[in-house]
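Visitor: Sequence:
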Amino acid sequence: MFNHVELDLPKLSRETIDGVRYYSVPDEDELLKLVSITSVTSYFNREIFAKWRKKVGDEKADRITKAATTRGTDYHTLTEHFLKNDDLPQVKPISEFLFKISKSTLGKIDNIHSLEGSLYSKQLGIAGTVDCIAEYDGELSIIDFKTSAKPKPREWIEHYFVQAMAYGCMLYELTGMSVKKLVIIMSCENGECVVYEEYNKGKYIKLLGEYISKFVQDKLELYGTQ
Numbered sequence: 321m322f323n324h325v326e327l328d329l330p331k332l333s334r335e336t337i338d339g340v341r342y343y344s345v346p347d348e349d350e351l352l353k354l355v356s357i358t359s360v361t362s363y364f365n366r367e368i369f370a371k372w373r374k375k376v377g378d379e380k381a382d383r384i385t386k387a388a389t390t391r392g393t394d395y396h397t398l399t400e401h402f403l404k405n406d407d408l409p410q411v412k413p414i415s416e417f418l419f420k421i422s423k424s425t426l427g428k429i430d431n432i433h434s435l436e437g438s439l440y441s442k443q444l445g446i447a448g449t450v451d452c453i454a455e456y457d458g459e460l461s462i463i464d465f466k467t468s469a470k471p472k473p474r475e476w477i478e479h480y481f482v483q484a485m486a487y488g489c490m491l492y493e494l495t496g497m498s499v500k501k502l503v504i505i506m507s508c509e510n511g512e513c514v515v516y517e518e519y520n521k522g523k524y525i526k527l528l529g530e531y532i533s534k535f536v537q538d539k540l541e542l543y544g545t546q
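According to the numbering used here, the sequence shown holds residues 321 to 546 in order.
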C-alpha cells in the first residue's frame, strides 16, 4: 500500500490553439492562458522529430507514433491505478508487460503528493500536468513515467529532465516545496526498466530558460510578420 500526502493543487482547464496546448490559470478576476511545458519542449526538439519523420517516411512514422502513444497512455493508466492502491484495469498485453517489468521499481515510490496534478508558473509563463510528485528512494522527486522500445542514451533525453525541472519550478512557486531530484522511469519492450536520476537542478533550470526563450522569441517573430 502506498502512502499519500495531501497536497492542494489547482484544477486547470486546457485547450489547443494552432497546435499549441494552453492552460487557463486564475489571475485575479480573470483567467490567464499559459503555454504547456510539453508544447515548449516539443517545439525546441521539432527539427529532430522532423528529420526522423523524413528518414523513416510519413506512413511508418505515423504508425510508430500512434503505437507509442497508445502504449504510453495505457502504461500511465496502470501505473496511476497501482500507485493509488486501486484495482488495475484491462489494457493491451504490451502495456501490461511494461507495467509488470517496472513494478519493483515503482515499489521504490512512497509518500505520494500528487498524481497527474496540474501546476503552473506565472513567473515562467508555463503550466502542465505532472506524472508524479513523491519520494523515490526516500527523496522528494519529480517522477516521470516513460515507455520505449529499448533504453534511450542519456544524452537523448535532455528534454525529459527539462520538463521535469519545469514541474519542480512550478511546484516551488505554488507551494514552496523543493524537490531533491528528477527521476525518469523508462519501461522498455526489450524487458529492461531503466531509471535515470538527476540531482543537478541548476543545469536544467538554465536549459529550461533557454527552451522558453526560444519558444517565445520564435512566436514573437512569427506573429510580428503577420
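FYI, nobody ran anything at the bench for these hints, they're computed from the structure. It is possible that some hints are incorrect.
Claimed, not checked - Label pairs and their in silico Cβ distance ranges:
1. 327 / 442: 12 to 22 angstroms
2. 471 / 443: 16 to 26 angstroms
3. 335 / 511: 23 to 33 angstroms
4. 431 / 368: 28 to 38 angstroms
5. 373 / 459: 33 to 43 angstroms
6. 417 / 492: 35 to 45 angstroms
7. 380 / 349: 46 to 56 angstroms
8. 387 / 322: 43 to 53 angstroms
9. 407 / 368: 33 to 43 angstroms
10. 493 / 339: 23 to 33 angstroms
11. 327 / 369: 25 to 35 angstroms
Ideal placement from N, C-alpha and C gives every residue a C-beta, glycine not left out.
Visitor: Compare the structure with each hint and give your call.
Guide: So, going through the hints one by one against the coordinates:
| no. | hint | verdict |
| --- | --- | --- |
| 1 | 327 / 442: 12 to 22 angstroms | holds (19 angstroms) |
| 2 | 471 / 443: 16 to 26 angstroms | violated (35 angstroms) |
| 3 | 335 / 511: 23 to 33 angstroms | violated (39 angstroms) |
| 4 | 431 / 368: 28 to 38 angstroms | holds (36 angstroms) |
| 5 | 373 / 459: 33 to 43 angstroms | holds (38 angstroms) |
| 6 | 417 / 492: 35 to 45 angstroms | holds (36 angstroms) |
| 7 | 380 / 349: 46 to 56 angstroms | holds (50 angstroms) |
| 8 | 387 / 322: 43 to 53 angstroms | violated (30 angstroms) |
| 9 | 407 / 368: 33 to 43 angstroms | holds (39 angstroms) |
| 10 | 493 / 339: 23 to 33 angstroms | holds (27 angstroms) |
| 11 | 327 / 369: 25 to 35 angstroms | holds (34 angstroms) |
Of the numbered hints stated above, those contradicted by the structure are hints 2, 3 and 8, listed in ascending order.
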